[in-house]
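K.L.:
Below, each chain spelled out in residue letters.
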Amino acid sequence: MVEVVVFAIAAVVILGGAVGVIFSRNTVHAALSLVATLFGIAVLFVAQEANFLAAVQVIVYAGAIVVLFLFVIMLLGVDRDEDIDAEPLVGQRPAAYALGVLMAAGLVAVVTTSTVTGVPSFAARWVRDGDDVSQIGRLLFTDYVFAMEITSLLLVIAVVGAVIMARTRPGPQIDADEVVPVLPGDHVDHDDEADEADADDEVDAS
Amino acid sequence: MAQLLALDPLLAGDVDLAVVLIVLLKTVIAFTLLLVSVLFMVWFERKAIGDLQNRIGPNRAGPFGLFQTVADGLKFFMKEDSLPDRADRRIFVLAPYLTAVPAFLVFAVIPIGGDFSGDNRGVIRIFGHDTLMQLADPPIGVLLILAMSSVAVYGIMLAGWSSGSKYPLLGSVRASAQMVSYEAALGLSVVAVVLTAGSLGTNAIVASQSTWSWNLWVTGLVPFVIFVIAGTAELNRPPFDLVEAEQELVGGFNTEYSAFRFALFFLAEFMNTVTMSAIIVTLFLGGPSGPVLFGPGWLWGTVWFSVKLFGFLFMFVWFRATLPRVRYDQLMDLGWKILIPLALGWLLILAGRQVGADAGWNPVVVPLVGVVGLAAVFGMIALALRAATRLRALDEEVGV
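Protein chains in written order, with our numbering: chain C, 78 to 283; chain V, 4 to 403.
Isolated chain C (complex conformation):
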């Protein structure tokens, strides 16, 4: 009984959040709806006695990833209401509708035709009523240690890549008034003599 009630409330929150993500015109509202969805999923994890997964869900997804989303949204200033009538890619809207209907049909077909057998999965040896933290830890550091190490390597590569891309090259300070090329090789208009002289100086210096 309790499980059904919890599931119903969590489902409403999850679906409401998901609908909000799609239909919000404001990107910040959409990101917050995503948080609601992630919280609902965390509640469902708790209902399945996967306490550790629930906590990680909140810490990683709701606490870190969506915060980064919001950061990007706020810093890039895309937090205005988007004009969603313009279509940058011709025909993407009908294609999306068609794919969505196809997916929904597939999901309904799977749910209606299959039966729940209750057989536990082969991959995870899960002891019900056991301490889930130590079970996950033991599996991660024995059976799946290779996958975990590969994932951490991937993260290290991503961090190193980000540092290299964010590194500023030493060189003359960019003046706020000066026109700078956006890409290497861009033509830069210098509209007065002083700028010409500056540019010449720079060529000499290098």
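Just so you know, these hints were derived from the structure itself, not from any lab. Keep in mind the model is a prediction, meaning the values are calculated, not measured. Take the hints with a grain of salt, since some may be wrong.
Claimed, not checked - To be clear about the criterion: a stretch of chain C counts as covered by chain V if any three or more of its residues have a C-beta under 8 Å from a C-beta of chain V, and this derived list gives those stretches:
(1) 101 to 111
(2) 123 to 137
(3) 145 to 151
Said to hold, decoys possible - Label pairs and their computed distance ranges (CB to CB):
(4) V:394 x C:171: 39 to 45 Å
(5) V:318 x C:231: 52 to 58 Å
(6) V:224 x C:176: 54 to 60 Å
(7) C:227 x V:88: 49 to 55 Å
Even for Gly, the Cβ is constructed at its ideal location relative to N, Cα and C.
Got chain C; can you put chain V on it based on the hints?
P.N.:
Okay, now just chain V, sitting in the frame of chain C:
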């Protein structure tokens, strides 16, 4: 489900009216206790800072000005609640609650009393039921604390953004950058405690520290220092209060807030100070554990907990009265370049000690080898960095 929602694992199974009443009673007590301690904390901070700055502080409302906070709170309720023109209304209204609710939820997992001497695990009997003197003891207690502190970022971030004004936005961007970076150091120093205690539950962590084996010295002081520094930054309290640096940002993220909504931010800030002190006491100073001198043991648990808590509350006030605010780049350097590597290195040494203890190796040699190994790695990285800097300078000189 039963583990997390049956607010007390000892009560899972036979839930009757008494159990529900006990849980309700504990909720009311925890909530009232936190609110009263916030009232007291606001008065205490103003009074103590007054003393430290050689002035009197509030002394008009009630004896020693004790009712000053109540008077201020009433004033907040009476004031007009203004909503800026360019504000994003829904989020502007929502943001204060997003800071206040996590602040309270953290307090739910803190053991505030109980007898932890000997083999007792803080269990008390009430109406013929065994229970703990904490609202809930989920098996993931420490993770819940970390999760709530990462959710608290939202309130500040959205408050600044939804105000539709530049100073709050700057304040909130600073705040979220600061809180996200210091969460890493905070989490890493908590891992050291979890490693020593062997559990994530707050009750088990306190129980593992009874008979004076406090994590403060069992983990070797470094995680404690890191946790206090990172905790201060997480609270946005001085010397890390760049979020509301009034000389630069007017009032920071809450500039546009007034009346009840501002009161909620104010409340959340002081609630967080109290709960952060309580977390430090729980993780590093053995929570309510301490000697039972006479009379009932559970009473002494609360006494010891309050004494330790008060020490840290005073520490935070003392920080504010003594230390000048750090610059923003100093704040980021301290967090990323000193605290996180230090916490990581110390965690490796502690893990090595744990493995050594399991395998029966010499308890002195293992940490020593660990320190030497880490020092060698650090030296190599420093050498590589210096070589890279020199090469780059050379490149510039030659003009390649």
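K.L.:
Now tell me, hint by hint, if it's right for this structure.
P.N.:
Against the structure, the hints:
{"no.": "1", "hint": "101 to 111", "in the structure": "holds (count 4)"}
{"no.": "2", "hint": "123 to 137", "in the structure": "holds (count 11)"}
{"no.": "3", "hint": "145 to 151", "in the structure": "holds (count 3)"}
{"no.": "4", "hint": "V:394 x C:171: 39 to 45 Å", "in the structure": "violated (56 Å)"}
{"no.": "5", "hint": "V:318 x C:231: 52 to 58 Å", "in the structure": "violated (42 Å)"}
{"no.": "6", "hint": "V:224 x C:176: 54 to 60 Å", "in the structure": "holds (58 Å)"}
{"no.": "7", "hint": "C:227 x V:88: 49 to 55 Å", "in the structure": "holds (53 Å)"}
Violated hints, in rising order: 4 and 5; the structure is consistent with all others.
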